[in-house]
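Visitor: Chains as they are written, first to last, in the UniProt record's numbering: chain W, 1 to 322; chain B, 1 to 368; chain V, 1 to 517.
Heads up, a few of these hints could be off.
[Claimed, not checked] Lysine to aspartate or glutamate pairs mimicking DMTMM-like chemistry, simulated, CA-CA at most 20 Å apart: (1) Lys138(B) / Asp268(V); (2) Lys319(W) / Glu168(V); (3) Lys306(W) / Asp94(V); (4) Lys23(V) / Asp439(V); (5) Lys249(W) / Asp94(V); (6) Lys138(B) / Asp331(V); (7) Lys23(V) / Glu40(V); (8) Lys311(W) / Asp142(V); (9) Lys224(B) / Asp331(V); (10) Lys224(B) / Asp369(V); (11) Lys311(W) / Asp94(V); (12) Lys224(B) / Asp334(V); (13) Lys224(B) / Asp379(V); (14) Lys167(B) / Glu282(W); (15) Lys251(W) / Asp94(V); (16) Lys404(V) / Asp11(B); (17) Lys319(W) / Asp59(V).
[To be verified] Far from chain V, some chain W residues (derived; all Cβ distances over 10 Å): (18) Met8; (19) Asp10; (20) Ala58; (21) Gln114; (22) Ser120; (23) Glu129; (24) Ser153; (25) Tyr160; (26) Val225; (27) Lys251; (28) Gly269; (29) Leu279; (30) Leu285; (31) Pro309.
Calculated directly from the structure, the hints in this document are not laboratory data.
It should be emphasised that the depicted structure is a prediction, and the values quoted were computed from it without experimental measurement.
Glycine included, each C-beta is placed from N, C-alpha and C at the ideal position.
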Amino acid sequence: MFETIILMMDATIRVSTPLLLACLAGLYSERSGVVDIGLEGKMLGAAFGAGAVAYITANAWLGLLAGISVSVLLSLLHGFASISNRGNQIVSGVAINFLAAGLTALLGQTWFRQGGRTPSLPDGGRFTEIVWPFAEQVRNIPIIGPFYAEVLSGHKILVYVAFLAVPLTWWILFRTRFGLRLRAVGENPAAVDTAGISVVWMRYRAVIACGILCGVAGSYLSIAVGSGFGVNMTAGQGFMALAALIFAKWKPVSAMFTCLLFGFLDAAGTRLQGVEIWLIGEVPLQVFQALPYVLTVVLLAGFIGKAIPPKAAGIPYLKERS
Amino acid sequence: MSGGQLPRWVDLGLIPFLNLSAAFLVSGLVVILIGENPLDAVKVLLWGSLGYAEGFGFTLFYATNFIFTGLAVAVAFHAGLFNIGGEGQAYVGGLGVAFACLALDQYVPWYVTLPFAILGSAAMGAAWAFIPAWLQAKRGSHVVITTIMFNYISFSFMVYLLGNVLKKPGSMQNETRTFEDGGRLPFLNDVFPSFGFGYAPVNLSLFVALAACVAVWFLIWRTKLGYEIRSFGANATAAVYAGISPVRIIVVTMLISGGLAGMMAINEIMGSQHRLLIDFVTGYGFVGIAVALMGRAHPVGIILAAVLFGMLYQGGAELSFEMPNITRDMIIVIQGLVILFAGALEHMFRPAIVRFFTPSQALAAKEA
Amino acid sequence: MSEIPAIELRKINKSFGPVHANKDIDLVVKKGSIHGIIGENGAGKSTLMSILYGFYHADDGDIIIKGKKVTIADSKAAIGMGIGMVHQHFMLVDNFSVLENVVLGAEDSALLAGGLSRARTELKRLEEEYELRVDPEALIQDLPVGLQQRVEILKALYRSAEVLILDEPTGVLTPAEADHLFKILDVLKNQGKTVLLITHKLREIMAVTDTVSVMRRGEMVATRETGNTSMEELAELMVGRSVLLRVDKEPAQPEAPVMEVENLTVTDSRGVQVVKDVSLSVRAGEIVGIAGVSGNGQSELLETLSGIRRATSGTLKIHGESIDLGTSTLDAADMRKKNMGHVPEDRHRMGLINSFTEYENSILGYHRDPAYSRGLLMDLAAIKKNAVAEIEKYDIRPPNPMLKTANFSGGNQQKIVLAREIERDPEVLLIGQPTRGVDIGAIEFIHRRIVELRDAGKGILLVSVELDEIRALSDRVLVMFDGKIVGERGSNADEGELGLLMAGVEDNRMTAEGGVQ
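Kindly produce the complete structure, drawing on both the sequences and the hints.
Guide: Written out as structure tokens, the structure is:
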């Protein structure tokens, strides 16, 4: 039983990582007033870029760099459409999801001829587990030992990056000039404009930050947990990250807990398949799969607190004519 | 507000044309990138989708799906709502068709089943849109987000139903039993053999789709409800001033929108597959967004856009056969580019065009 | 006179498409003075100030600051040149603290801590120097508008502004808050700052400015020493000819009440009582005017009576029926059915759908009327026929029902709304700001129509922030202050007396008479 709990916690962390990265990515974008339903597409693009370059160079770091670059490029496209051209942010996000889904599979097939997949990564093309000091020695200490050795130790570096990004994001948002302006531009861009700050540049910086984190999220899928890119390998995780962002009410620390919760549901769904639960009976896998979305809808319905988005989110900024 | 008045033909003709051209130009570049000749590709695509009757039949079959999902998005647009949940609504709409067909197919001919299938699909699609609509109307939670959530909820819901409840006993496939003749719409090839549609699954639901276009046109521009929907979409405060209830308009519009999306299932389930199965929507709901954008939320525009996307689907299939390098994923890329240029970047060319037309226009505006 | 002016503008031009908002504007502002710029709505004052603040770019012309010709690329450049602006709609982030709003854009360094602590000290200093007290930790959304405005002034001073532009600063203030603001402006002047006050209210100009410039239709028509001019002269300069609003009308022949409101109380979405226990009646054949500074509950009163807003409690007697407004669910459509018309205060936000054609707008709110529909369908022929008739009768130009209303001028747009509401032959007509942003010719036309409606035996409730309009049209004047009706006067009400009531000065007569009937 205890072992099961440890294994579940370990799995939860692994599943939560890409969600958390994408969720924080969306946080930067939406806090600046740019709604982003293209998280999915950016993650997918990054997963492909990372998988392709890591395969060719046999270097995970170069793969990561490529993943981030692809994602940032897609972010800039979103910025060009929704910030510079004041297009509809939802439509732009949908377009990015289509483009990423189509281009990754198409180019994957053209370049690698494996039905859109990239070939299995060579050694060095994948990130490896980082084992914390004394992980093996303390393993036998009851409770703390397995927790240290399994749950804390032994993840890929990107997992630690994701969880360190949480306090970092909090600090950036609430303790730096950039964060102050970022939050302001998502609430009242006119106030930022009249304070002599460029709304456009502020929002571009926000979507670039979003692109970087989405890039890490996608790369994690293809070159950390996975061993190469697979067609549509994000499978809706970008949308789940979006749900988590809303569920977390656009706050970094809540985002972490929400992603852990959603990750846990996923791990539990897999774990409990075919298992009879006392009094309830067997719970279908689909219930666990749908639960994050159902919970988010319940939250949006205002039954558990109220999710109030940044006031200017989704509205292109146009200087008013008096 | 929109930065200057333009002649109607520029607004409705030239700008969409430029946007679309940009999308296809970039698509051409992608084709070059993967080492093929775009002009050859276009030739194959046109031949495959329009060049022979069977290919054209396939084009029309796909277009039928797009008309339904495009109309769904367009109706919501008129109320200022963005229904991104066509995917889930169409999927659940399949239940309505399946219920009608499974219940009646052994007892009555198809034309008796059809009205029930239409009602069933529309009712199920509308039901799936209801909660997002109600939450938007009463709680102000954006339909964009809630309909996305409902798409994913529908995927799990349908997999569960098909895998555990509706499954044909003893089958490994997650699907219902195949309908008898009473649950099958006639193929156009059987109705009009002289057209030679061959094995193309285009069926009578094409006419249901065209009827839906007429009905939507009537609804939006000729009825009081349509007037209220457009009023609410254009200026919600003024609509309240006019005594139009936002709650009623949001809910009713979303129900109509969801119903139209649900009706897509008639074409797929009753018209072609003749059984309810997993993942039969495969993106048609999302592409409805592109169709509505390109068709400028007008039924005539939607028919044209739907046929264009039908051509892409059918021509794309042909293309992946003739030029294996260009897989069907190319179609997804083109759709993405169309959504990008005709939707998100729709104003990109506008300032330049306004400048081009302004000298003569400025005078006219001053006199007014 | 040899002193270098704080600001000098030469031949400034600015067009928005076909609209020439500023034409060859010249302006000289003396250092250490309060300089007023007055003009009607749409005269181009705000555009000019936005150019000075770098928000818009002039098409041509020179800006000279402290004797040096400059280009102001953006607001940042303007701030750098010592120009600060208090916008009509505050440029504050609602869920930020006062302190965060003050440092936004002037944070000193990449980390916030330093900038915030400097701002805290600096705010304390400014507070003492200019008597601008406000809690630096308070959230903007919790502050009353008067204090929010103070934060805007502090923002400018924190950026060491030498010149402070205030755009219609009293529009949202109570008279007491406005007085306080004027005191602050005096302190600023005494400390050597230059103040540019943009307003359309003559009283304010006379009260605080040293110099006043008048704008009309995008042009600067005159500059005067405030001491050497009069309200009459300025009014004439503003409108271009001598129009002290005077409407020719016979004394009212009021009959029985057609609308009675009793003990109406309205609470807004933030839980603040905006209309407090208001009782009033409107009789057939009279115009009842409601005077008051904007934001004292008049808008909410109109919206509640017309069915747009819900009341907390109160009774409405209309059309021979008594309605409990606290529990009724009647909406605007229901109120129209009870023969109540409504010309809303803001035609762009409410009265019209500007992307619709004129004929579509001509039935907004009446689209369910059997005269314009057949079953579920709209009767387009009947609608167009009616639109053409109204265009003719109200001289709406251009006379084209197929044109979108966005393409009509303000006066013609207002006529479209007025025609729609009056021609439905209402028993009671609610009218808000009937001539806001409307040219002089149309004003006269609109006023005449309103009086005609009265003479036809209808009851009219008129809300306007233009005291002259209220006095010219009303047969009885009620004054609203802080959500309450604080006084009633006849058609010959004294301007000064009304002004005092609008400022919230206690009215003795009212208690003597035992309240408003």
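Visitor: Hint by hint, note whether the structure agrees.
Guide: Tested hints:
1. Lys138(B) / Asp268(V): Answer holds: Lys138(B) to Asp268(V) is near 18 Å, not above 20 Å.
2. Lys319(W) / Glu168(V): holds (19 Å)
3. Lys306(W) / Asp94(V): holds (18 Å)
4. Lys23(V) / Asp439(V): holds (18 Å)
5. Lys249(W) / Asp94(V): holds (17 Å)
6. Lys138(B) / Asp331(V): Holds - the C-alpha atoms of Asp331(V) and Lys138(B) are around 16 Å apart, at most 20 Å.
7. Lys23(V) / Glu40(V): holds (16 Å)
8. Lys311(W) / Asp142(V): holds (17 Å)
9. Lys224(B) / Asp331(V): Answer holds: Lys224(B) to Asp331(V) is near 17 Å, not above 20 Å.
10. Lys224(B) / Asp369(V): holds (10 Å)
11. Lys311(W) / Asp94(V): holds (10 Å)
12. Lys224(B) / Asp334(V): The given pair, whose Cα atoms are some 16 Å apart, holds under the 20 Å limit.
13. Lys224(B) / Asp379(V): Status holds; Cα separation ~9 Å.
14. Lys167(B) / Glu282(W): Roughly 18 Å between the alpha carbons, so the hint for Lys167(B) and Glu282(W) holds.
15. Lys251(W) / Asp94(V): holds (18 Å)
16. Lys404(V) / Asp11(B): Holds, because 15 Å separates the two Cα atoms, which is no more than 20 Å.
17. Lys319(W) / Asp59(V): OK: Lys319(W) and Asp59(V) at ~17 Å, within 20 Å.
18. Met8: holds (38 Å)
19. Asp10: holds (37 Å)
20. Ala58: holds (38 Å)
21. Gln114: holds (47 Å)
22. Ser120: holds (44 Å)
23. Glu129: The claim holds: Glu129(W) sits with its nearest Cβ about 35 Å from chain V, beyond 10 Å.
24. Ser153: holds (33 Å)
25. Tyr160: Tyr160(W) clear of chain V: closest Cβ-Cβ about 25 Å, beyond 10 Å.
26. Val225: holds (35 Å)
27. Lys251: holds (13 Å)
28. Gly269: holds (37 Å)
29. Leu279: Nearest chain V Cβ is 45 Å from Leu279(W), so the label holds.
30. Leu285: holds (41 Å)
31. Pro309: holds (12 Å)
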